[in-house]
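Based on the hints, put chain B in the right spot on chain A.
In order, the protein sequence lines correspond to chains A and B.
Every letter in the first sequence is one number past the one before it in the working numbering, and letter 332, counting from 1, is 332.
Every letter in the second sequence is one number past the one before it in the working numbering, and letter 328, counting from 1, is 665.
Keep in mind that a hint or two might mislead.
As the list claims (entries may be wrong) - With a cut-off of at most 35 Å between alpha-carbon atoms, the simulated DSBU-like pairs for lysine-lysine come out as follows:
{"id": "1", "chain 1": "B", "residue 1": "LYS435", "chain 2": "A", "residue 2": "LYS49"}
{"id": "2", "chain 1": "B", "residue 1": "LYS824", "chain 2": "A", "residue 2": "LYS49"}
{"id": "3", "chain 1": "A", "residue 1": "LYS202", "chain 2": "B", "residue 2": "LYS613"}
{"id": "4", "chain 1": "B", "residue 1": "LYS522", "chain 2": "A", "residue 2": "LYS66"}
{"id": "5", "chain 1": "A", "residue 1": "LYS202", "chain 2": "B", "residue 2": "LYS908"}
{"id": "6", "chain 1": "B", "residue 1": "LYS528", "chain 2": "A", "residue 2": "LYS202"}
{"id": "7", "chain 1": "B", "residue 1": "LYS611", "chain 2": "A", "residue 2": "LYS202"}
{"id": "8", "chain 1": "B", "residue 1": "LYS441", "chain 2": "A", "residue 2": "LYS49"}
{"id": "9", "chain 1": "B", "residue 1": "LYS568", "chain 2": "A", "residue 2": "LYS202"}
{"id": "10", "chain 1": "A", "residue 1": "LYS49", "chain 2": "B", "residue 2": "LYS512"}
{"id": "11", "chain 1": "B", "residue 1": "LYS512", "chain 2": "B", "residue 2": "LYS427"}
Derived by calculation from the structure, the hints in this document are not laboratory data.
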Amino acid sequence: MIHFIIRRILIAIPTLLVISFIIFAILDLAPNDPTGNLPMTVPAEVREKIRESLGLGQPMHVRFGKWMVQFFVNEPLNILQEGFGITIGDAENRTRILSWATRSPVVDLIIQRTPQTLWVVGLSYLFGILIAIPIGIISAYKQYSWFDQVGTFITMVGFSIPTFFTGMVAIIIFSVQLRWFPMIYDTTLEINSWENFVLQVKQMFMPVAVLALYNASQLSRFMRASILDNLNLDYVRTARAKGRSEKVVLLIHVLRNSLIPVVTLIALGIPTIFSGAIITEQIFRVNGLGQLLIIAIEGADIPLVQTLTFLFAVLIVVFNLIADVIYGILDPRIRYD
Amino acid sequence: MKKTINILLSLAFALSLASTVEAKRGSDGQLNLLYWQAPSTMNPNLSGGTKELEAASVVLEPFARYDENGGLVPFLAEEIPTVANGGISKDLTTITWKIKKGIKWSDGSALTADDAVFTYGYCSNPDTGCTQANYWNDIKSVTAVNSTTVKVEFTVPKPFPYAPFVGYNAPILQKAQFDGCAGAKAQECTKQNFYPIGTGPFKVVDFKPNDVIVFEANPNYRDASKPAFSKLVFKGGGDAVSAARAVLETGEMDYAWNLQVEPEILVTMEKAGKGKVVSAFGTSVERLMVNFTNPDSSLGDDRSEYIGGNNNRNPHPFLSDYNVRRALSLAIDRQVLVDAGYGKAGKISCNVLPAPAIYASSANDECKTPNVAEANRLLDAAGWKRGSDGVRAKDGVRISILYQTSTNSVRQATQAFIKEMWKQIGVETELRNLSASVFFGGDIASPDTYQKFYTDIEMYTNNFSGTDPQTYMSNWTCKEMAQRSNKWGGGNMPRWCNPAYDALSAKLAVTSAMKARISLTKAMNDLLMQDYAMIPLIHRGSVSAHSNGISGVRMNPWDSELWNIADWARK
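Looking at chain A on its own, in the form it has when it is part of the complex (with noise of 0.2 Å):
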């Protein structure tokens, strides 16, 4: 196990890094440009001087490799640094990595949006296998009932229908006809008291409640398919034949042999979390990381979309990984040595 884990970590570094020169290049490729949002009214001359002070004249290696510096040497030193409060080396002339809309560094913005995001859309994704779970069971263990049916429609409807639209609707209906819940997320809101907690939990409702939504029936279904397979399986027949009460033969010996690749999917869904939802984020105004991307992209900023992309691609790497690993050890059938 510990040989294949690291065989497959020495496999990803030289992957993520034609991963980052594929990003760059296809970024530098793109007829896109940073003053392009300026208004008509600032003259060619000094949209030529902002560009090369966004250091746009070099040659592409050139940016490349300064590029490669600051993510791999200069951040990472940078995060030592505020982590221990200690200076290393000659940490005045290290350049970080600026983005070029804020020109501040990318690093910090990332930082400052994590948060959000990982409340958001990460509850959602945690509510979502908490309700997906149970309905996938009961509905594979009673397939074609009512429940069946009625959760079988309903999941449709929550997969195929858009976030944005959902989205949309919760708002007209919550925020404009009832009036239960706000309609801009405030980010400047701090849990300091039981009443802020309170409009916390409001102003998260309706993000949370879309996302879980559709990720709900997503796995809901995965869950009811992997259930499907095994109810039909020999030792199933051999539990019940034992004596086995219905309750244990589902709750022990089916779920936890169908969990298996439900967990892995699962596990494999968390970087999708950290890439956030992007459209939801937008629409509800929720400072994330999907609703930085989106302004980065618009916004022709390429350190930015670079960064972003480029910390999604490791994070994808990394739990396909820990997928591999988790597959391991739930099932003992598989083994990587």
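Below, chain B alone, put in the same frame as chain A:
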């Protein structure tokens, strides 16, 4: 009897005094602004657009601002310098500003002439990458005569010298704070760029880039009774429709900016009775640019290039015909375009320069009413005959137009309408739209920019800030033609070259009498319009909404919409 009247009068006077004294700084609590594009910095000199200028305008102030009618109002200056009061030299090369007494930065230190001198140095340093650099053009020097007097010397006579230190594009930075930040270091001064110290009614307390800014009333603001709000929350992000909804329907927000929303949606929302939609018309005109040169791709490097001095030797196959251009303009029903796409945010325009009102010409009003019959007659008379497919042609040249613009639902609707209107006069149109960051991006390697103009017609909005049209109008002189030699850097997209126009432009640059300036500018506008170098469509306004509970909003197209936020109050 007289005595009682006197007492009553003095009582009434005392009462009225009391009600004015009652207004106290911070007495109205929190004000919530919603900008659906979120500001990414608080430094207007490094900003990407209007949203940052607006946000910065509540903190940073210039010597003078424009009011809603385009008139200058002294803010940090004692008065507006003019030739009459000696503030502007007779040869029009220097302007001297006097700073109002007792102005303090929000940190308590005094505003001095050195701050203004520093601001010029900051933005004019080429390494800063200052986005507002064109407000500091033609300056020889900026010097501090004494601690409260600033002298700006120009290299050329400036009939309208109110660009530096005027309006929201060129406010004054605090020298003490930004001292180490000029030049290449400007990019790294994150703290300064996010938390600039200003003289305005508010100061920044918390800045979350691309999300929200929290301001508090500036304790050192020059008017002790203002601003009425103790806290200002400037929320950004989302989309225009929901921003309108938050003010007009749910009332969660007090003010929403730039509501580019389908007109009927705004009308429905306004009926909820919570807020009001307000609009202001600046200089923005949505127009069709007519290509006078041949954009045929077989010409290679010479496509859309103007070749030959005063005679266009690479003319457009059919748009070089005056009758075709005029017919295209006559066929358009502009009211339809306004109603469908703009509503309160648009008016018909027959001029490229419809504002300020003193410059608006009435010589081109023919375009206000469409006249398809006349357009058809013109084309028939000019020998453009309809073919079997209904498309007009002459000597083998078909009037088939490639018409490009940026991707935007209103623009695509406008394109579709115009295509139909042109069909009625036997003109075939192919539509094309490009992402705004590509179309307006100015990438020299891209063939799809509005500067390269490799199509027959293109549509976009242009405008100028401030109220003086001199620089703007010089965009259509011959030397401004966008082409290979200037890396497509010029402002003359039609490649329209007219020596008479150049002469007017040169004359305007040395004329200072207002009346003469107006008639010259009108003549220039009329030349452009009557030769159909551009076909103006819509005078575009900006639309915002404020809740009914807010008073003092004076929507301003010439400066920041928040220019008078110190006077806003809750009713």
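Evaluation of the provided hints:
no., hint, in the structure
1, B:LYS435 / A:LYS49, "32 Å, holds"
2, B:LYS824 / A:LYS49, "14 Å, holds"
3, A:LYS202 / B:LYS613, "28 Å, holds"
4, B:LYS522 / A:LYS66, "17 Å, holds"
5, A:LYS202 / B:LYS908, "29 Å, holds"
6, B:LYS528 / A:LYS202, "33 Å, holds"
7, B:LYS611 / A:LYS202, "23 Å, holds"
8, B:LYS441 / A:LYS49, "33 Å, holds"
9, B:LYS568 / A:LYS202, "23 Å, holds"
10, A:LYS49 / B:LYS512, "23 Å, holds"
11, B:LYS512 / B:LYS427, "31 Å, holds"
In terms of the numbered hints stated before, the structure departs from none.
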